[in-house]
Amino acid sequence: MPSFASDPAVVLHHLSFAWPDGSAALQGVSGAFGRGRTGLTGLNGAGKSTLLRLIAGGLRPSSGSVVVSGTADHLPQRLTLDVGATVADLLGVRPVVDAVRAIVGGDVRAELFDVVGDDWDVAERSVAALSAAGLPADLDRTVGTLSGGEAMLTAVVGLRLRGADVALLDEPTNNLDGDARERLYDLVRGWRGALVVVSHDRALLELMDETAELRAGSLTTFGGPYSEYRAWLDVQQEAAEQALRTAEHTLRRERRQRIALEEKVAHSERQARKDRANRRYVPAVIRERKNKAERSQGTRRGLADDRVAEARAAVDAAERAVRDGDRIVVDLPDPDVPAGRRIAVLTGADGREHVLQGPERVALTGPNGVGKTTLLERLLPGRAAGADAAGTGGRSGGAGACDGSDATPVAASGRLLTDRVGYLPQRIDVLDDAATVLDAVRAGAPQVPPGQLRNRLARFLVRGAAVHQPVGTLSGGERFRVALARLLLADPPAQLLILDEPTNSLDIESTDRLVEALASYRGALLLVSHDRPFLERLGPDRELRLDRGGVLTEA
Numbered sequence: 008m009p010s011f012a013s014d015p016a017v018v019l020h021h022l023s024f025a026w027p028d029g030s031a032a033l034q035g036v037s038g039a040f041g042r043g044r045t046g047l048t049g050l051n052g053a054g055k056s057t058l059l060r061l062i063a064g065g066l067r068p069s070s071g072s073v074v075v076s077g078t079a080d081h082l083p084q085r086l087t088l089d090v091g092a093t094v095a096d097l098l099g100v101r102p103v104v105d106a107v108r109a110i111v112g113g114d115v116r117a118e119l120f121d122v123v124g125d126d127w128d129v130a131e132r133s134v135a136a137l138s139a140a141g142l143p144a145d146l147d148r149t150v151g152t153l154s155g156g157e158a159m160l161t162a163v164v165g166l167r168l169r170g171a172d173v174a175l176l177d178e179p180t181n182n183l184d185g186d187a188r189e190r191l192y193d194l195v196r197g198w199r200g201a202l203v204v205v206s207h208d209r210a211l212l213e214l215m216d217e218t219a220e221l222r223a224g225s226l227t228t229f230g231g232p233y234s235e236y237r238a239w240l241d242v243q244q245e246a247a248e249q250a251l252r253t254a255e256h257t258l259r260r261e262r263r264q265r266i267a268l269e270e271k272v273a274h275s276e277r278q279a280r281k282d283r284a285n286r287r288y289v290p291a292v293i294r295e296r297k298n299k300a301e302r303s304q305g306t307r308r309g310l311a312d313d314r315v316a317e318a319r320a321a322v323d324a325a326e327r328a329v330r331d332g333d334r335i336v337v338d339l340p341d342p343d344v345p346a347g348r349r350i351a352v353l354t355g356a357d358g359r360e361h362v363l364q365g366p367e368r369v370a371l372t373g374p375n376g377v378g379k380t381t382l383l384e385r386l387l388p389g390r391a392a393g394a395d396a397a398g399t400g401g402r403s404g405g406a407g408a409c410d411g412s413d414a415t416p417v418a419a420s421g422r423l424l425t426d427r428v429g430y431l432p433q434r435i436d437v438l439d440d441a442a443t444v445l446d447a448v449r450a451g452a453p454q455v456p457p458g459q460l461r462n463r464l465a466r467f468l469v470r471g472a473a474v475h476q477p478v479g480t481l482s483g484g485e486r487f488r489v490a491l492a493r494l495l496l497a498d499p500p501a502q503l504l505i506l507d508e509p510t511n512s513l514d515i516e517s518t519d520r521l522v523e524a525l526a527s528y529r530g531a532l533l534l535v536s537h538d539r540p541f542l543e544r545l546g547p548d549r550e551l552r553l554d555r556g557g558v559l560t561e562a
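Under the working numbering, read the sequence shown as residues 8 to 562, first letter to last.
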């Protein structure tokens with residue numbers, strides 16, 4: 008059951024933070040993280056990354072406080088480094104290593120001894136830690152020669168090596184292939200000290216001692232891994248939904264009784280008017296009866312109004328306890344993909360062709376750096392950098408960004424046999440921030456009436472005034488749903504969807520929504536992903552694995 012951690016490593020007290028433009032990232036968050044491993048979950052935009060930066064001291068609270076028992080060390084989501092930096096730089100031990108080398112070489116300046124302190128064996132410990140993690144153990148090797156997965160794992164080893172009292176990891180498995188993920192899991196299993204991990208990776212969250220969820224300004228901490236937390240939450244939600252039904256029933260009853268009271272008062276007033284007209288009572292008696300009736304009616308009305316207000320408040324409280332359980336269940340246009348229709352051909356370096364045929368779902372997998380994204384771009388000639396996410400798309404990543412994006416040319420290639428293709432690249436920041444949600448989706452379906460598009464958007468949980476919001480004001484999860492809606496609601500509908508690592512940085516609920524939406528799609532699907540649980544839920548018909556030589560094989 009939820010609880011604050013005993014003997015906590017981090018304590019938050021009414022913590023709030025606002026950006027310079029005044030927008031609030033966190034408001035009044037209180038809670039604690041224990042001295043073991045904690046998985047921090049929550050919707051995109053809930054403020055998880057901001058919370059880690061506040062704990063690490065990279066940001067200062069607008070109000071409230073963060074108390075850390077000891078030191079905190081933080082590894083952000085994206086490692087944007089100079090490709091000329093060394094492994095020692097990435098580990099965070101370069102100054103000490105250089106100082107030791109200088110002293111060994113005969114330099115006896117006092118400031119060098121101050122840098123080293125008692126850490127004379129830092130190079131040996133670094134090499135041992137890297138070797139144990141199966142990583143290149145040359146401290147002078149440049150970051151540019153590492154894969155994205157190797158760079159991230161090296162940075163995690165450095166975090167562990169530096170030995171801060173509280174370690175903070177932000178989405179460490181993003182863009183890691185299966186082998187790199189397993190090595191990260193091994194590092195986490197053997198972690199000593201307090202560790203807080205922001206992640207949507209269910210396998211990683213299962214390694215945690217506690218699960219914390221940041222939602223609507225509230226931090227809930229549960230003693231157990233994510234699956235146990237979800238099971239507990241399901242029970243709580245069932246109870247909350249029953250409480251809401253009871254509260255709504257009570258509200259309806261109180262409203263009916265309030266209406267019945269008004270009818271009774273109206274009847275009394277009609278009878279009083281009739282008595283006056285018939286001169287049934289003397290005026291003094293009539294006035295006394297009238298005053299008494301008005302006082303009684305006022306009291307009863309006040310009591311009835313109070314009961315209705317209390318019932319309304321109970322409904323509001325029950326509604327807040329119930330999460331938005333809406334699911335994406337959308338009747339998409341039929342893309343008309345007969346079973347025998349050839350949609351695309353992928354060709355490996357060995358010349359072997361792999362045909363995507365009919366409404367087939369194909370997963371394209373392989374280690375980081377083999378060129379999966381490059382292959383997709385070769386399949387989409389003229390649809391690279393600068394194109395949009397609702398039918399075309401561009402490469403993600405960039406120079407020095409250790410995000411696992413493919414960086415080497417490969418011999419594998421492909422060709423399309425349809426021009427009705429939807430492409431969702433790794434990053435969805437190609438949407439026009441100034442455009443409204445409705446305009447962004449209409450760009451892919453210009454002939455569909457706005458009212459009809461609004462109805463369809465509602466099935467993607469984008470409703471009401473939200474359709475007129477600028478894209479730039481949306482949270483990550485909302486933005487993703489808009490990009491997905493634009494892709495799936497295109498007119499004419501795409502016969503082939505190409506998705507490149509669609510679950511990267513998606514919260515767990517948004518991933519659930521993606522699975523729900525794709526379940527309704529009746530065209531062909533080509534999907535690149537390292538997220539094995541996601542692939543298993545989606546159930547591809549085939550898996551093609553790309554190796555470092557550019558050869559495609561059936562997995």
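What the hints contain is simulated information worked out from the structure, not anything from laboratory work.
Glycine included, every Cβ here is placed at the ideal spot set by N, Cα and C.
Check before you lean on any hint, since a few could be wrong.
Stated by the list, open to error - Taking CB as the label site, the calculated pair distances span:
{"id": "1", "residue 1": "ARG263", "residue 2": "ARG196", "range": "58 to 64 Å"}
{"id": "2", "residue 1": "SER30", "residue 2": "ARG199", "range": "34 to 40 Å"}
{"id": "3", "residue 1": "ASP126", "residue 2": "ALA324", "range": "40 to 46 Å"}
{"id": "4", "residue 1": "ASP126", "residue 2": "ARG359", "range": "31 to 37 Å"}
{"id": "5", "residue 1": "ALA139", "residue 2": "GLY546", "range": "35 to 41 Å"}
{"id": "6", "residue 1": "ASP172", "residue 2": "GLY91", "range": "18 to 24 Å"}
{"id": "7", "residue 1": "GLY471", "residue 2": "ALA139", "range": "53 to 59 Å"}
{"id": "8", "residue 1": "SER30", "residue 2": "GLY113", "range": "26 to 32 Å"}
{"id": "9", "residue 1": "ALA31", "residue 2": "GLY91", "range": "51 to 57 Å"}
{"id": "10", "residue 1": "ALA442", "residue 2": "LEU168", "range": "29 to 35 Å"}
So, going through the hints one by one against the coordinates:
1. Hint check: ARG263 to ARG196, Cβ distance near 59 Å, so the stated range 58 to 64 Å holds.
2. Restraint check, SER30 to ARG199: a C-beta distance of roughly 38 Å satisfies the suggested window 34 to 40 Å.
3. Hint check: ASP126 to ALA324, Cβ distance near 55 Å, so the stated range 40 to 46 Å is violated.
4. Between ASP126 and ARG359 the Cβ separation comes to about 54 Å, which falls outside the hinted range of 31 to 37 Å.
5. Separated by about 37 Å at the C-beta atoms, ALA139 and GLY546 satisfy the suggested range of 35 to 41 Å.
6. Checked against the hint of 18 to 24 Å, the C-beta distance between ASP172 and GLY91 comes to roughly 32 Å, which is inconsistent with it.
7. A hinted range of 53 to 59 Å holds for the C-beta pair GLY471 and ALA139, which are about 54 Å apart.
8. Distance hint for SER30 and GLY113: a CB-CB separation of about 56 Å, inconsistent with the stated range 26 to 32 Å.
9. The beta-carbon spacing between ALA31 and GLY91, approximately 39 Å, falls outside the hinted interval of 51 to 57 Å.
10. Remark: the range hint 29 to 35 Å for ALA442 to LEU168 is contradicted by a beta-carbon distance near 46 Å.
In summary, the structure is inconsistent with hints 3, 4, 6, 8, 9, 10 from the numbered list given earlier, while agreeing with the others.
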